[in-house]
Every structure is written in structure tokens, then in C-alpha cells.
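Chains A and B, in that order, are what the protein sequence lines are.
Mapping of the first sequence onto the working numbering: residues 1 to 258, in sequence order.
Mapping of the second sequence onto the working numbering: residues 1 to 332, in sequence order.
Worth double-checking, as some hints may not be accurate.
Pulled from the structure, derived: some chain B residues nowhere near chain A, Cβ distances all over 10 Å [what the hints assert, rightly or not]:
#: 1; residue: R146
#: 2; residue: Q163
#: 3; residue: I312
The calculated DMTMM-like cross-link candidates involving lysine to aspartate or glutamate, where the alpha carbons are at most 25 Å apart (straight line), are [as the list claims (entries may be wrong)]:
#: 4; chain 1: A; residue 1: K10; chain 2: B; residue 2: E130
#: 5; chain 1: B; residue 1: K93; chain 2: B; residue 2: D82
#: 6; chain 1: A; residue 1: K2; chain 2: B; residue 2: E111
#: 7; chain 1: B; residue 1: K256; chain 2: B; residue 2: D238
#: 8; chain 1: A; residue 1: K2; chain 2: B; residue 2: D118
#: 9; chain 1: B; residue 1: K93; chain 2: A; residue 2: D110
FRET-style restraints, in silico, Cβ to Cβ [said to hold, decoys possible]:
#: 10; chain 1: A; residue 1: M180; chain 2: B; residue 2: A129; range: 37 to 45 Å
#: 11; chain 1: A; residue 1: L225; chain 2: B; residue 2: H84; range: 22 to 30 Å
#: 12; chain 1: A; residue 1: S109; chain 2: B; residue 2: F289; range: 51 to 59 Å
#: 13; chain 1: B; residue 1: R89; chain 2: A; residue 2: G192; range: 38 to 46 Å
Since the hints were derived computationally from the structure, they do not count as laboratory data.
Nothing here was measured: the structure is a model prediction, and the numbers come from that model.
Even for Gly, the Cβ is constructed at its ideal location relative to N, Cα and C.
These are the residues of each chain, in order.
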Amino acid sequence: MKNAWVLARKDSAAYFNSWTGIVMLTLFALVAGIFFLFPLVTYTKMSLQASPEAYAGLKGFSPSRFVFGSFFLNFGNVMICVVPFLSMRALAEERSLQTLELLFTYPLSDFDIVWGKFLGMIRFFFFLTLPTLSYLFLFHWIGAEMDWGVIAAGYLGFFLLGTSYLALGLFISSISANQMISAMITFTLLLGFWVLEWVSSVTDGAWAHFFSALSPFGHYRDFTLGILDRSDISYFVFFNLYFLFLTLRSIEVRNWKG
Amino acid sequence: MPVNEAVNVSVTPPASDVMIQVENLSKNFGRVQALKNISFEVLRGEILGFLGPNGAGKTTTMRILTGYFPPTTGKVWIDEGDFHRDAKRIKHKIGYLPEHVPLYRDMQVEELLRFVADLRSVPRKNIKAEIEEKLKICGLTEVRSRIIGNLSKGFRQRVGLAQALIGDPKVLVLDEPTSGLDPRQIIEIRKLIRELARNRTVILSTHILSEVSMICDRVIILNGGKVVASGTTQELEDELSRHHEIFVSIGDHHRKMEAFELLKALPGVEYVKEGSEHEGQVDFTLSTFKDADLRPIISRLFVEHDIPLLEIRSGRLSLEEIYIKIVSQEPT
Ligand SMILES: Nc1ncnc2c1ncn2[C@@H]1O[C@H](COP(=O)(O)OP(=O)(O)O)[C@@H](O)[C@H]1O
Ligand SMILES: [Mg+2]
Chain A
1 MKNAWVLARK
11 DSAAYFNSWT
21 GIVMLTLFAL
31 VAGIFFLFPL
41 VTYTKMSLQA
51 SPEAYAGLKG
61 FSPSRFVFGS
71 FFLNFGNVMI
81 CVVPFLSMRA
91 LAEERSLQTL
101 ELLFTYPLSD
111 FDIVWGKFLG
121 MIRFFFFLTL
131 PTLSYLFLFH
141 WIGAEMDWGV
151 IAAGYLGFFL
161 LGTSYLALGL
171 FISSISANQM
181 ISAMITFTLL
191 LGFWVLEWVS
201 SVTDGAWAHF
211 FSALSPFGHY
221 RDFTLGILDR
231 SDISYFVFFN
241 LYFLFLTLRS
251 IEVRNWKG
Chain B
1 MPVNEAVNVS
11 VTPPASDVMI
21 QVENLSKNFG
31 RVQALKNISF
41 EVLRGEILGF
51 LGPNGAGKTT
61 TMRILTGYFP
71 PTTGKVWIDE
81 GDFHRDAKRI
91 KHKIGYLPEH
101 VPLYRDMQVE
111 ELLRFVADLR
121 SVPRKNIKAE
131 IEEKLKICGL
141 TEVRSRIIGN
151 LSKGFRQRVG
161 LAQALIGDPK
171 VLVLDEPTSG
181 LDPRQIIEIR
191 KLIRELARNR
201 TVILSTHILS
211 EVSMICDRVI
221 ILNGGKVVAS
231 GTTQELEDEL
241 SRHHEIFVSI
251 GDHHRKMEAF
261 ELLKALPGVE
271 YVKEGSEHEG
281 QVDFTLSTFK
291 DADLRPIISR
301 LFVEHDIPLL
311 EIRSGRLSLE
321 EIYIKIVSQE
331 PT
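Whole structure, please, built from the sequences with the hints as guidance.
Rendered as C-alpha cells:
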């Protein structure tokens with residue numbers, strides 16, 4: 001377990017030392033800023049036009065839900081583009097550099113390696129997300145009412161969505177010899193999951209229900225609305241564990257394939 | 001671990017002077033049998049050389065010894081511990097330099113060594129001294145903060161060695177440590193390996209014979225996934241030089257066939273090779289068994305048959321020739 005963390009630190013440091021990492025940090029902050037400012041500006045316009053009494057009467061209107069909810073909902077889509085670039089390095093790079101061979105001979109178990117790789121990506125993902133905390137201050141500063149429950153649920157959902165995508169990307173990275181291929185397959189699969197959500201909106205009845213239950217986005221939406229549902233949380237936990245398990249299996253293949 | 005019960009392996013550790021014991025090791029990749037039931041042991045403090053052509057199974061053996069993958073059948077004991085029962089603990093005892101020296105190219109030398117020291121559980125307070133020491137041993141002090149990807153091949157090889165040394169493992173496994181280096185670098189690396197071996201057990205592989213006699217105490221020759229010979233270089237030379245050679249040169253090329261048949265019919269002759277033919281002179285090479293010196297018999301025979309004998313001399317096969325002979329035989 002300690003060794004998994006050593007590996008995670010090495011990996012996340014490598015992101016900071018690479019151009020991909022720097023570009024990602026910059027773009028992520030930029031795009032996040034835009035996605036946050038849109039609903040924020042809309043909200044301030046609304047609050048200037050209408051007197052406080054007018055929309056205080058709108059039962060259930062929460063500025064936090066309006067601004068942070070739409071921010072997380074839209075920004076979740078951005079992860080489809082971000083994750084492939086993060087996860088492609090994880091195992092595919094080590095494989096193409098052949099450092100994976102050395103890694104397997106250090107005192108690490110296969111589980112340590114998978115867990116360490118996963119934590120390394122999450123660590124960098126955490127740093128990517130960190131600047132968004134400044135939005136809390138901005139939001140507070142313009143005098144909006146903070147609904148901590150909604151904001152926390154949004155962050156939790158975003159974290160679960162992100163780690164799920166990363167787990168999928170890690171698995172793809174473990175079966176590809178080449179970073180570019182890894183990124184492309186991951187992107188395609190994530191896009192596929194996104195399309196599931198559309199499919200569910202054009203079908204109806206049992207099928208619609210089926211597709212929406214399968215799609216990460218349907219589950220993610222609840223979080224952005226401030227709803228914590230046990231089935232949504234289970235979905236993401238299962239998603240993570242499933243792809244971590246597949247990754248573990250795929251690196252065990254060397255035992256008989258070399 | 002997939003250990004086939006049908007294979008005969010011991011359940012008790014080997015004698016305490018044995019550092020590595022390998023018993024009935026086989027490795028299959030699908031239908032390819034890379035290793036076919038090999039056994040050997042390495043004594044503490046020994047430098048053992050794996051010698052063999054490409055595809056002999058050297059890398060596969062080393063990957064099993066370093067815990068990259070388990071054998072299909074068979075058993076490995078290292079420092080009195082059963083490897084695949086206790087892999088994580090035993091991996092601490094082994095430093096490995098893989099064949100193509102894979103390293104994280106965008107890391108600094110020192111950064112890499114620190115990473116390995118952390119993984120190998122070097123106590124925090126010793127890490128600095130440990131890295132300092134290994135940088136010094138491997139002659140890396142001046143490039144310590146350089147990016148590994150920008151270093152020359154020779155320096156990268158040294159970084160590879162340094163990372164294998166971190167945590168002072170008792171066993172060093174070096175897969176073709178001199179391949180791809182220029183002659184000066186080769187000499188330097190060989191010298192370094194010999195120094196490192198003073199208080200460690202070292203296994204190295206090579207396909208260069210002279211390297212083995214230069215560095216190693218003992219040699220195992222692998223071919224086609226099998227051990228075809230093993231021993232000290234002296235022993236190998238003695239054992240295998242029972243193949244004695246005699247060069248015979250006659251002055252009449254019209255008598256070539258006759259001479260050939262005569263030589264072939266002699267007792268103790270393994271084979272006769274017909275060499276060059278120039279200016280009426282014909283050369284033959286005979287391979288015989290050591291204890292029968294056939295030279296007097298041959299000269300008498302040729303005098304009897306009135307064949308002009310120009311030259312006859314015996315030659316001992318060099319280790320090089322023996323090696324080529326062994327590895328060019330189809331392993332049975
Ligand atoms: N991953 C693998 N899949 C299939 N065959 C392999 C694999 N690795 C090695 N081999 C085969 O096993 C044999 C031994 O290879 P190797 O141990 O690399 O030899 P050496 O290091 O002596 O050149 C070769 O015939 C090689 O083709
Ligand atoms: Mg090899």
C-alpha cells in the first residue's frame with residue numbers, strides 16, 4: 001500500500017513535468033472558468049432584473065443549484081476529452097518504454113501497481129480540479145446564498161464521474177502498447193457512454209430506462225441537482241471497481257503470455 | 001502459483017552456501033516452449049554467466065529469477081526462501097538490469113534513484129547516503145541532475161546499474177549488460193561489474209564468449225531452452241576439448257578421394273572435413289577423441305599408400321570453437 005503511493009507520486013509528478021500536463025492544467029482552468037461564468041452571469045442578470053421578492057416566491061429556486069448545478073452538468077462532458085490524455089500515459093507509456101518490466105520486478109504486487117497508477121491519475125485530477133474552489137469565493141463575493149449540500153453533492157458527483165472515466169482509461173491503457181491508440185479507444189468509449197444518454201432520450205419505455213441506467217450521465221445528473229441517491233453512488237463505485245479489476249486481470253496476462 | 005505437482009521439486013531450502021537454486025524450470029508461451037526443464041544453482045558470491053545464442057532462453061530465465069513472471073513449472077529458491085511463495089520479500093534481495101535498459105526518460109538520475117529507494121523501502125534517513133554512494137560507485141556524480149533521456153548510452157547503462165544496486169540487494173541479475181556499448185564503455189562496465197561482484201552474487205547473460213571467460217567464475221551454456229553445458233571456463237575447456245583436431249595436408253589432389261576414405265576409416269575419428277584445395281595441395285581437418293593421437297598412424301598410413309604428406313599438426317579447439325560447436329548442434 002505504501003509502495004502504491006510511491007508510484008502514484010512518481011506518476012503525478014511526471015504529469016507536472018510534461019508539456020501535456022501543463023497544457024492540461026491551463027486548458028482545464030480556462031474551460032472550467034468559462035463553464036462557470038456562463039451560469040453565473042445568467043444568474044446575476046436574473047437577480048438584477050427581478051426584485052428579490054419576485055423570485056423568493058419561486059419555490060425551490062436555489063442560486064447554488066442553478067450556478068453550480070449547470071457548471072458541473074456541462075463540465076462533466078469535458079472529462080470525456082480530458083481523461084484520455086491523462087490515462088494514456090498510465091500503463092501504455094510504461095509498456096512502450098519497457099519500464100513496466102522493471103516495475104514488475106520491484107517489490108510491488110500487481111495490485112499495488114494498479115492501485116498506484118490509479119491514485120497517480122486521481123492525484124493529478126485533484127490538482128486539475130483545485131482551481132475551481134476559487135469559484136466558491138467568487139460566488140460568495142457576489143453575495144449569493146451558498147447551499148453547501150448542493151455544492152458538496154456536485155463535487156462528489158464530479159469526483160466519482162472523473163474516477164470512473166479514469167478507471168476505464170487505465171484499463172484501456174493496460175491493453176494498448178501505444179499511448180495514442182490508448183487515448184483514441186478511451187475517447188471513443190467515453191463518447192459511446194455519452195451517446196447512451198441520447199439514445200435513452202429518443203427511446204421510450206423499458207429501453208429508455210435501460211439505457212439511462214447504463215449511462216454514467218444519467219446518474220451524474222442527480223448529483224448536480226443536489227440529490228444523493230444510493231443507486232447512483234453504487235453505480236459509480238461498481239464502475240470503478242469493475243475497470244480496476246479488469247486492469248488487474250490484464251496485467252496478469254504477462255504471466256502466461258510474457 | 002501454477003506449480004505442476006508432477007514436476008519433482010524439493011520442499012526444503014537448499015544448503016546455506018547456495019544463493020539461488022533453480023529446479024526443473026519450464027516456461028511455455030502458448031505453444032512455444034522457451035525453457036525446457038532447466039536446473040542449476042548459484043553459490044553465494046559467485047559470478048555466473050549465461051551464455052547462449054539469441055532465443056536460447058537467457059532473458060526468460062532471468063525474468064523468472066527476478067519475479068517478472070512465474071515459471072510454468074518448477075521452483076526457484078533465493079537466499080533460502082521459496083520465491084513464488086514469498087515474492088514481495090524476495091524481490092528486495094534482487095537487483096535487475098533488463099536487456100534494453102528501460103528507464104523513465106523524463107526523470108532526473110537522482111530522482112529515479114530516489115523513486116527506487118522508496119520502493120525498495122530504504123529507510124528515509126538513509127536515502128540520501130544510499131543515493132550518494134550508488135552515484136559514486138557507478139560514476140554518475142557529475143550527471144546526477146541530468147534528464148535520463150539526454151544521457152549517452154554508456155551513462156544510461158550506469159544508471160541502469162545504479163538502480164539495480166539501490167537497497168543493496170544480495171543478488172544482481174544483468175541481462176546482456178554490455179550489448180550496444182562501444183569498446184571503451186564495454187571495458188568500463190565489465191570492470192564495474194567485477195567490482196560490484198566482490199560482495200554480491202551476480203548472474204549475467206551474454207552471447208559473447210570472451211566476456212564470460214573474462215568476468216565469470218562459472219558458465220551455463222543455454223541453447224534451445226536447455227542447459228547444454230555448465231562449469232568453470234577451465235572445466236568446459238577440458239571437458240569439451242576431448243574433441244581434438246588434426247590438420248592434414250597432402251600434395252596430390254588426384255589422391256584426394258583415396259586420402260579422404262583412408263582418414264575416415266581410422267578408429268577414433270569423429271568426422272573428416274575437406275578444406276581448401278590450391279596448387280595441387282589439399283587440406284583436411286579431422287575431429288578425433290582426445291586420448292588417441294592419430295598423427296603417427298596417419299603418417300605411416302600415407303607413406304604405405306605413397307601419398308605425399310606435406311603437413312600434419314594437431315590443434316586444440318579454442319573455447320570459441322567449442323561454443324560454436326555446441327550451439328550449432330540441434331538440442332535433443
Ligand atoms: N512473450 C513471448 N511469447 C512467445 N515466445 C516468447 C516470448 N518471450 C520469449 N519467447 C521465445 O522464447 C525463447 C527464448 O527467448 P529469450 O529468453 O528471450 O532468449 P534469449 O534472451 O536467450 O535471447 C525464444 O524462442 C523466444 O522466441
Ligand atoms: Mg535476451
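A quick look at each hint next to the structure:
Chain A leaves R146/B outside its interface by the beta-carbon criterion, the shortest separation being 14 Å against a cut-off of 10 Å. The beta carbon of Q163/B is not kept farther than 10 Å from every beta carbon of chain A, the shortest such distance being approximately 8 Å. Remark: the non-interface label on I312/B is consistent with the geometry, its nearest Cβ contact in chain A lying 52 Å away (cut-off 10 Å). Annotation: proposed proximity of K10/A to E130/B holds, straight-line Cα distance about 19 Å (limit 25 Å).
A C-alpha spacing of about 13 Å is found between K93/B and D82/B, which places the hinted pair at or below 25 Å, so the restraint holds. Distance hint between K2/A and E111/B is fulfilled; the C-alpha atoms sit about 18 Å from each other, no more than 25 Å. About 33 Å separates the Cα atoms of K256/B and D238/B, which puts this hinted pair outside 25 Å; it is violated. Distance hint between K2/A and D118/B is fulfilled; the C-alpha atoms sit about 9 Å from each other, no more than 25 Å.
The suggested pairing of K93/B with D110/A holds, with an alpha-carbon distance near 18 Å, which does not exceed 25 Å. Against the hinted window of 37 to 45 Å, the Cβ-Cβ separation of M180/A and A129/B comes to about 42 Å, which satisfies the hint. A hinted range of 22 to 30 Å for the beta carbons of L225/A and H84/B is inconsistent with their spacing of about 52 Å. In this structure, S109/A and F289/B meet the distance hint of 51 to 59 Å, their C-beta atoms being roughly 54 Å apart.
For R89/B paired with G192/A, a C-beta distance near 44 Å keeps the hint of 38 to 46 Å intact.
When each numbered hint is compared with the structure, violations occur for hints 2, 7, 11.
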